[in-house]
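Trainee: Okay, here's what each chain looks like letter by letter:
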Amino acid sequence: MHDILIKGIGSYATPALKQTAAPTPSAPFGDMLKGAVQETNNLLQEAEGSALKVVAGDTGSLHQAMIALEKADISFRALLQVRNKVLEAYQEIMRMQI
Amino acid sequence: MDISDTLKVCGSALSAQRARMDVITSNLANADVTRTAEGGPYRKKIAVLASEKLKEGFGGTLQDAMKTVKVAEIVEDMSPPRMVHDPAHPEANANGYVAMPNVNVISEMADLIVVGRAYEAMVTALDATKNMAIKTLEIGK
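So the sequences go chain by chain: G and X. Position in the first sequence (first residue = 1) + 1 = my numbering. Position in the second sequence (first residue = 1) + 3 = my numbering.
Treat the hints as calculated values from the structure; they're not laboratory data. Quick caveat, the model's predicted, so the values are computed rather than measured. We treat Cβ as the ideally placed atom computed from N, Cα and C, and that holds for glycine. Among these hints, one or two may not hold up.
Some chain X residues judged to face chain G by a derived CB distance under 8 Å, without partners named [claimed, not checked]:
# : residue
1 : I6
2 : S7
3 : L10
4 : C13
5 : G14
6 : R21
7 : I137
Here are the simulated BS3-like cross-link-like pairs (lysine-lysine), alpha carbons at most 27 Å apart as the crow flies [what the hints assert, rightly or not]:
#  : chain 1 : residue 1 : chain 2 : residue 2
8  : X       : K58       : X       : K133
9  : X       : K48       : X       : K73
10 : G       : K86       : X       : K138
11 : X       : K11       : X       : K133
12 : X       : K11       : G       : K35
13 : X       : K133      : G       : K35
14 : X       : K144      : X       : K70
15 : X       : K56       : X       : K133
16 : G       : K35       : X       : K144
17 : X       : K11       : X       : K58
18 : X       : K73       : G       : K54
19 : X       : K11       : G       : K54
20 : X       : K144      : G       : K86
21 : G       : K86       : X       : K133
22 : X       : K138      : X       : K48
23 : G       : K54       : X       : K133
24 : X       : K138      : G       : K35
25 : X       : K58       : X       : K70
Reference listing, derived: stretches of chain G covered by chain X, where coverage requires no fewer than 3 residues with Cβ under 8 Å from a Cβ of chain X [as the list claims (entries may be wrong)]:
#  : segment
26 : 65 to 71
27 : 78 to 84
So that you can see chain X by itself, here it is in the shape it has in the complex (with noise of 0.2 Å):
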């Protein structure tokens, strides 16, 4: 077991979870927009990780239980858009609703609280990784 596959896997994972902030980012800012490039309001996009195996090839029963992570996809969160009524709107409809993007700005408050908390998550196992190895090398002093 080498100690940078174990960097490796920290740093998938850090990256990972840097995609997921990036996409809450992205729809926390468009939590309002009404007009895109596709039509309609802005759709709410989630980041699907999925996980990957270290090492091709052969290898020991470790190596084959480690895996790292990468982001497999983002995809659109297909609810119905929130309808608000806003008649003054220059997108409202006949009635007088505008269809306003499909992000829960509250629940995507608490998903990057939940992100973060990976992110720190691996940056304390990396930390550990690190002074494992820093140990080690203060055998026979």
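In isolation and in its complexed conformation, chain G is listed as follows (with noise of 0.2 Å):
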């Protein structure tokens, strides 16, 4: 334990300055939203892609399909979140009184 009377604050550590990140460009949320569809579509293609080649005996492995399945749903529902998110924002800020 450190009694601060005897040692001092000279002790202490002294916390490093926060530094400011530099303000980075940030890209616009329509710009990540439409990246984020994108990805979502991308999953949704490559596991239908898959999940084809499974049905017509092609050389698809089953466990990939259902992989790749499992991915793009997540996906989708993480999208479905952030839709939700947007649209309850959107809702709140239209029923503000003026």
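Both chains are sitting in their own frames, so use the hints and assemble them into the complex.
Mentor: As structure tokens, this is what we get:
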């Protein structure tokens, strides 16, 4: 236990000054959303492709197709949550009394 | 830690167990085969697994700790063939013994169960990962 009266403040490590990060040029929200939609779409197409391969009896393996489907499912759910949040915020603003 | 990394590891393990299952199936199917392209009876095959780095290049400690699985090679069991006394068999030698494959059907069946369970374990791990991701999406609901 440190005794502040005896040891003084010198023994305490001075907390490093919080470095304020240089403002990075952030992408607009619309672009981010577009990117997320694009990524989800890619995953869905990938899942569809591997599922089709399995059905067609091609070389595709069943578990890889299932994993691709799960990946697409999770990605889509995440996107849905983003959409819900955005819509919620929009409606909150629209309900504002002026 | 991305969820797709976990899915990748699970996928590689499932592929590896599938490969082991294929090898065991081949051993069982050829348990009584006395003629092969290489000559002599069929030899038991064994799948050797190896772990692989998940990602090349630099990465965090966790990324280094996570390894995917791959089938390194398929080796042959070089133990001597099982000699069965069957003078009527066309492959029988002068003493009436036939060289049968060195496949022990009972141990192959046991291996089959082990591989099936390992596969199930990976599917359970995958499901748990997925459930975790879905639970994460329920934050703030």
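Trainee: Decide, hint by hint, whether the structure agrees.
Mentor: So, going through the hints one by one against the coordinates:
Interface restraint check for X/I6: the shortest CB-CB distance to chain G comes to about 7 Å, inside 8 Å, so the restraint holds. Hint on X/S7 holds. Least Cβ distance to chain G is approximately 6 Å, under the 8 Å limit. Using the Cβ-Cβ criterion of 8 Å, the hint placing X/L10 at the interface with chain G is satisfied: the shortest such distance is roughly 5 Å. About 7 Å separates the beta-carbon of X/C13 from the nearest beta-carbon of chain G, less than 8 Å, and the hint is met.
Interface hint status for X/G14: upheld, as the beta-carbon distance to the closest one in chain G is roughly 5 Å, under 8 Å. Annotation: interface hint on X/R21 holds; nearest CB of chain G at approximately 7 Å, less than 8 Å. Proximity of X/I137 to chain G holds as hinted, the smallest CB-CB distance being about 7 Å (cut-off 8 Å). Annotation: proposed proximity of X/K58 to X/K133 holds, straight-line Cα distance about 21 Å (limit 27 Å).
Our distance criterion of 27 Å between C-alpha atoms is met by X/K48 and X/K73, whose separation comes to about 16 Å. Taken as a hint, the G/K86 and X/K138 pair is honoured in the structure, with Cα atoms around 16 Å apart against an allowance of 27 Å. For the given pair, X/K11 sits about 12 Å from X/K133 by alpha-carbon distance, which is consistent with the 27 Å threshold. In summary, the hint linking X/K11 to G/K35 is supported, as the alpha carbons are separated by about 25 Å, within the 27 Å threshold.
Of the supplied pair hints, the one linking X/K133 and G/K35 holds, its CA atoms being roughly 24 Å apart against a limit of 27 Å. Pair hint X/K144 plus X/K70 does not hold up; C-alpha atoms about 35 Å apart against a cutoff of 27 Å. Of the supplied pair hints, the one linking X/K56 and X/K133 holds, its CA atoms being roughly 22 Å apart against a limit of 27 Å. Proximity of G/K35 to X/K144 is assessed by CA-CA distance (about 24 Å); at most 27 Å being required, the pair is judged to hold.
About 11 Å separates the Cα atoms of X/K11 and X/K58, which keeps this hinted pair within 27 Å; it holds. Only pairs whose Cα atoms come within 27 Å are accepted, and X/K73 paired with G/K54 is accepted, the gap being roughly 22 Å. Distance restraint check for X/K11 and G/K54: the Cα-Cα separation of roughly 19 Å lies within the 27 Å cut-off, and the hinted pair is therefore satisfied. With a C-alpha separation of about 10 Å, the suggested pairing of X/K144 with G/K86 holds against the 27 Å cut-off.
A distance of roughly 22 Å separates the Cα atoms of G/K86 and X/K133; the hinted pair therefore holds under the 27 Å criterion. A threshold of 27 Å between alpha carbons decides the hint, and for X/K138 with X/K48 the separation of about 43 Å lies outside it, so the pair is violated. Taking the CA atoms of G/K54 and X/K133, the gap is about 23 Å. The hint holds against a cut of 27 Å. At most 27 Å may separate the alpha-carbon atoms for a hinted pair to count; X/K138 and G/K35 meet this at roughly 24 Å.
Taking the CA atoms of X/K58 and X/K70, the gap is near 9 Å; set against the 27 Å cutoff, the hint holds. By the rule of at least three residues with a Cβ nearer than 8 Å to a Cβ of chain X, the coverage given for the segment 65 to 71 of chain G holds, with 3 such residues. Counting residues of the segment 78 to 84 of chain G whose beta-carbon sits less than 8 Å from any beta-carbon of chain X gives 3, enough to reach three: the coverage restraint holds.
The earlier numbered hints that this structure contradicts are 14, 22.
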